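S.K.: Okay, here's what each chain looks like letter by letter:
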Amino acid sequence: MTSSPSGIHHPELAAGRWGELTLAAQLANVGSEVGRMLGWRQRNERLMDRAFERALELLDLTLADPRWRGRLREIARAREMLCDAATGGHEYDTTLEWLDRYFLDFAVAERNRIEQERHGAGSRINGGRGD
Amino acid sequence: MATLIVRDPIPLAELRRLAAGGFGDFVKAVVDVEAKVMAVGGELHADQETMLLEEGSQQHNIWGINIYPDLPAAERLEFDSMINVRPSQGNRSRSVESEVIRHRIETIVSSLVRE
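Top line first, the protein sequences correspond to chains A and B. Throughout the first sequence, residue numbering follows numbering that gives the first Met the number 0, covering 0 to 130 in sequence. Throughout the second sequence, residue numbering follows numbering that gives the first Met the number 0, covering 0 to 114 in sequence.
This is chain B alone, in the form it adopts within the complex (with noise of 0.2 angstroms):
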């Protein structure tokens, strides 16, 4: 299952792909809401996490998502992944519980997401 690391904007079908290539129904991302990047496709979050720490990216920026590409907008991200325990910054829980960040994922995934 590749991983790519999307800097510019890619069609909704480019993600449609990495999932029939992957899970079938959504494909995992690890967006950087600093750099406005995003790691996508693979099976670990961890993996897409490591990918980003070793392009630059800090561990303070980074959180995983799910998308599924076949929901409608609203539905379509997942705010789920083992990466996102962090005690030390506050989220103790796989979802992202900071509702600015959460807004901040959106909008950097939307940008980076042609439908």
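Okay, chain A solo, but in the shape it has when bound (with noise of 0.2 angstroms):
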């Protein structure tokens, strides 16, 4: 197995594509790094670990959104809370299963966004407002 080649995870999202996507959706990938992370805890440490450095880029990526300036407090306390996660809690008892529950509201948040879009009801959380 390789790892990423360029050292960087996510070169298409790092050059803009992530600046595309709203709030919720950058919140609810980094969830499902979370998710993954969990997922092979146990099981395969090196998967684990590719998991939390992909979680650890989206979150820099989302915190380098200049969108969110103003914004920042939340999603940086949340990087500090997976970093005391993935090295076992001993800071603020964090685990990954509270913060995957924590990322998943934002997965449904940006599931109902679109889905009301789809449906042409127009969007409750537009513009990357889905906290």
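It cannot be assumed that every hint is accurate.
[What the hints assert, rightly or not] Reference listing, derived: stretches of chain A covered by chain B, where coverage requires no fewer than 3 residues with Cβ under 8 angstroms from a Cβ of chain B: (1) 7 to 19; (2) 44 to 55; (3) 62 to 73; (4) 102 to 116.
Hints listed in this document are in silico derivations from the structure and should not be mistaken for laboratory results. All of these numbers come straight from a predicted model, not from anything done at the bench. Glycine is no exception: its CB is placed at the ideal position from the N, C-alpha and C atoms.
Assembly of the complex is requested from the two constituent chains, each provided in isolation within its own frame, with the hints serving as guidance.
M.R.: Take a look at the structure:
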């Protein structure tokens, strides 16, 4: 098995695609990686570490997104808690299970937004206000 | 990272190649359980989902997975994608909660990927 050849897991997202997503979609994608960390935790440490790297990369792309200036405190806190959970939760008692549930809410919000859009009902969470 | 729609069987080596050009260990895929096709490659399941919808797939038939080409066949599929979160369809997690649908996905992927 190989790791990402460029050292960046998401080159297209880093090149700008990430900036087209709503905040809810961005955090939902982070949550997918947290879910993978959980899934691999007991079975494959290397794959868990890779998911952790991807989660951090996506959170860093989110923190760098100029649209969220002024709203970065919670995202930065989430990053801190992810690092805590990945290293045993010694600082804040954070667990991956808790983070998984936290990020899942954003996936639900994003899906609801998409379904509303597709049904022509407009969007309650637009412009990345999906928190 | 290239995305392609798989309608006819491809070798597992092709998935390895796609994985090596992207996440390394796995490749993202979205499977249409009715049309029995899948989109593979790319960085977001949402992009593959859009590609299949534009090809005529119905939302309720498509599910996101990850394929780990180097793992044993029994461990190769990971049912985990934010596009699977569909409360209106009774699927409230990123997994595919229906065992019947999971089995259909496994059958389709094994028919589309040659060892």
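S.K.: Hints numbered earlier in the text: which of these fail when held up against the supplied structure?
M.R.: 3
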